Amino acid sequence: MAESTLESPLPVVTPKKEHDSALLRVAKYMAVRLVTMVFTVILGLYLTILIANMGGYVDQIRRGEIRDFVQQQVRNDPGMKNLSATQRSKIIEDRIVNAEKRLGLDRPFAIRSFAFLRNAVTLNLGFAEFITADNGSRMVKNIVLERLPSTLMLFGMTNILLFFGTLFAALSLSRSYGSWLDRLIIALSPMSAAPGWFYGIFLIVIFAAYLHVLPFGGMVDVPPPDNRVDYALSMLKHLTLPALALALNQVAFAIYNNRTFFLIYSSEDYVEMAKAKGLTSRDVERKYILRPTLPTNITNFAFLLIGIWGGAPIFEGVFNWPGLGRTQLVAAGLFDTPVIVGTTVIFAYLLAITVFLLDFVYALVDPRVKIGSESRSS
Amino acid sequence: MNALRKFFAEISQYPSAVVGLILILGLVAFSIYTVVTLPYEEAISLWRGDENVWYKTPKTAQPKWINWFRQDDVPETFWLNTAEGQGTKTEEFSNGTNKIFISLPFEYNSPYFPQEVTIYFTSQFTDKEPFVDVKVITPTGEEIRIDSFAVGHKHTYRFSQDQKLQRRLKGNRPEQGIFMDLETEQLQAVPGTYELQIEGVAFEENSTVDAELVVYGEVYGWAGTDHRRRDITIALMWGAPVALAFGLLAALGTTVTTMIIAAAGTWYGGWVDEVIQRITEVNLILPFLSILIMIGTFYSKSLSVMLVAVIALSIFGGGIKIFRANFLQIKESPYVEAARAYGASDIRIIMRYLVPRIIPLLLPQLVILVPTYVFLEASLTIIGLGDPVLPTWGKLIREGIGNGALLQGQFYWVLQPAVILLITGLSFAMVGFSMDRIINPKLRSV
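Here the protein sequences line up with chains A and B, keeping their order. Residue numbers for the first sequence follow my numbering, beginning at 1 and rising by one. Residue numbers for the second sequence follow my numbering, beginning at 1 and rising by one.
Calculated from the structure, these hints are not laboratory results. These numbers were taken from a predicted model, which means no experiment stands behind them. Wrong hints could be hidden among the right ones.
As the list claims (entries may be wrong) - Chain A regions said to be covered by chain B (calculated; three or more residues, Cβ under 8 Å): (1) 35–46; (2) 132–142; (3) 181–195; (4) 342–349.
Beta carbons are placed, not taken as given, at the ideal position from N, Cα and C, and that holds for glycine.
The following block holds chain A by itself, in its conformation from the complex (with noise of 0.2 Å):
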C-alpha cells in the first residue's frame, strides 16, 4: 500500500470560463463523474457475469439440477407409473426443454448475460438455493438488504473513526519530528502488510480465548438484550476487537503516511511565511498545511477503503459478524449461486458508491476542482 504518490482521479477538464461559480463547477465535475460511474459499474457488473457464467459451467450445474428436479417429479407421480419407459422419458425431456425455455438457457450466453445484466442493474437477484433471510425470504435481495447495514456499520465506523484519528495523531506528530514517538510509528508502519484479519487472530485469542473479557465473535449477545441501551453496549463490546483488529492493520502506516506529507508541505515557502507573519501554530497547521494535504490524504484513504471492502469475506469471517461478506462465505461453503453472484454484485456497488463519494468529497476540498484550473498534480 505505498500508493503515496498517486494521481487522483481528475476527469478532463472543460475549458475555462470566468463566469461559473464554484458550486456550479462541482455540480458539473460531479455529473461527469457519475456518468463515467454509472458505465464504470455497468461494464464492472457485466464482467463480474462473465467471470460467475464461467465458461458455461454454472449453465451446466444448471442444466443438471433441471434435469434432476424433472426426473424426480415424473417418478413420483402416481399418474405417470402406468406410461412406458419410451413414453415416460418423452414426457421427461419435454418438460426440460419447456424448464430451460422458462429460464431462458435455451439462448445463446451473449443475449442472457445481457437479460442478466439487466436484472443485476434493477438489483433483481433472484432466489437463493439454501439461504433465507430471517423472515424467510428467499429472495436474494431481501438477503443482501438484511445483511448489508451490519456491514455498514462495521466498516463505516471503524473507517470513520480511523481516517480522523490519525489525520490529527499525524498533524500532530509532525510537530516533534525526530522524536522516539515518531520513529516507533516509523518502525511500526510495516504492520500494515499483514491484514486485518490476521491481527483479528491474535485478538481473539488475548481477550477472548486467554483472558475471556471481550467475545470471540457475532454483533450482539445471545440472546439479544430487550432494551435498546443494553442492545447498543452489546454491540460495542462485539465491535470492540473488529475495530482494533483493524486499527492495528492501519493505524501506524496511515499516520506514517500522512505525517510524511505534512513534513512535505510545511516546508513550503508560504508556510514559512504564514509563520513569520506571526499566525497561531492552530492556525498555520489548519490552514496552510491541513488544507493543501487533503487531497492526496483522501486519495490514499480511499483506497484503503476500498482495500478492506474488498477483504470483507474474511474479516467478516474470522469475527463471525452477520454481514454481507459472511453470507458471502456461507454461500460458497453451500454452492448457492445467486447468493454468490447477488453478494459479488452488491460488493461492485459498494465499491462504486465508495469511489463516487470519495470523488464528491475530493471535489469539494481541491481547489483546483472549484477554480477549473488544468494543472495537475503528479
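Put chain B on the given structure of chain A with help from the hints.
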C-alpha cells in the same frame, strides 16, 4: 556491480532492512531445506495419511518446547517395540508350545497422566492364535493385571476402552489408574520406573508375538499435532516454499505486466492510454475477493489457477497510475528523443529505453507487494479456497479455528503458523519500506 554494492551499502544504514534481509534469507534457506529433506510426494502422502501413518502420535498434542516454560513437565510421547529390539523378549519352546515372555520397562516422570496408552500386537501363526496375559508393575512393586486375550495377526489393545479394567481400578480411567496411587486416589501420576509384562503362549513352532507399547503424552515433536494426529511440523515446513513461491510469483507477475502496460500506454498515448485508464477504473470497482470466491467455488481451487486469477485481477491496479506518472516524465527525456531520431521501433523504445529506467522504482513496489500476496494465499485458504492437497500455514489456521482450537485452549495450533506468517510478511515489508525511503528522495529527507 558497483551500483549493487552502493545499494547494499545504503541499505545497511537501515537496521530494519538488515533484519528483514536476514529473515528473508533464513526463510529461503528454510524453504530449500524443506524441499530437499521432505520431498513433495512424501509430504503430501504424510499429510493425507490416516491412522496407519499416524498411529503413534497423540491427538492435538502441544509442541515439546512448552515444557521449557513449565515447572512440572507435561508427559512426552514415546513408544517401545520388541520387533525393533527394545525391551526384552525371551522364548522357550517345549512340548509343542512356545512360551514367550516380554518385558518393557519405561520411566515415567511427569505428574500428569498420558493421553492414552495402547499396545499394538503383531503375531505370526498359521492356524491357532497365540494367547497373551498382560500385566503392569508399578514403581512401588504392585502388580496390576490388565487383561488376557488371543492375538490375531494384528491386534490393538487400548487401555482406555477396557471397561472391566476401569472397574478394577476403582472406577478410574485405566490410562490414569495404572499411574496413580490407588490408596490416596490423588489425581497425580506416581513417578518412577514402570514395567509392562506380557506372558504369551503360542501353539506352533514358529509362532511368536511382538508388542509395541505406545504411551501418548500431551506433547509431541517441535510443533505438536492436530486433531487427526498429524505432525504440524509438516505443514509448517511446507507452508514456507508455498507461501514464498506464491508471494514472489504473484508480485513479480503483477508488477512486471503492470509496468509494461503502463509503458505502452504512455508511449502510444491517445486511445490506448484512454482505454487503459478506463480499464483501471473498472478494475477498481471489481470486488477482488468475491470474484476469487466465485472462481474457487465454480471452477477450481488449485493454487496455480488462483495465482493466474490473482495476477489477472491485479494487473490494472493502483500501481499503473504510479508507473504512468513516472513514464510521462521519462518519455520527454532527450535520450528517448535521440532513440526516436535514429529510428528505433516502438517496442524497442518501450523495452530498452523506458522500462529499464523505472526498475529502481519497481523494486520497492515488488518487495512491498510480496507480503500482500503471501497473506492473500493464507486468506484464500482460511475461507476454504485453499489448494485441496498442499499443507500450508493458512490451512493450519483454518483447521485449528474450525476444530475449536481457540475454544479449547490449543493456541499452538493457530499461533505457530500465524507467527511464521507475521515474520514472513514483516521481513519483506521492512525491506520494502526501507528501499522505498532510499529510492524515493522525497521521503528520505523526512
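Against the structure, the hints:
1. 35–46: This one holds; 5 residues, not fewer than the three required, reach chain B with a Cβ under 8 Å.
2. 132–142: Per the Cβ count (0), the hint is violated.
3. 181–195: With 8 residues in contact (Cβ-Cβ under 8 Å with chain B), the coverage given for the region 181–195 of chain A holds.
4. 342–349: That given contact holds, which follows from 4 residues of the region 342–349 of chain A lying within Cβ reach (below 8 Å) of chain B.
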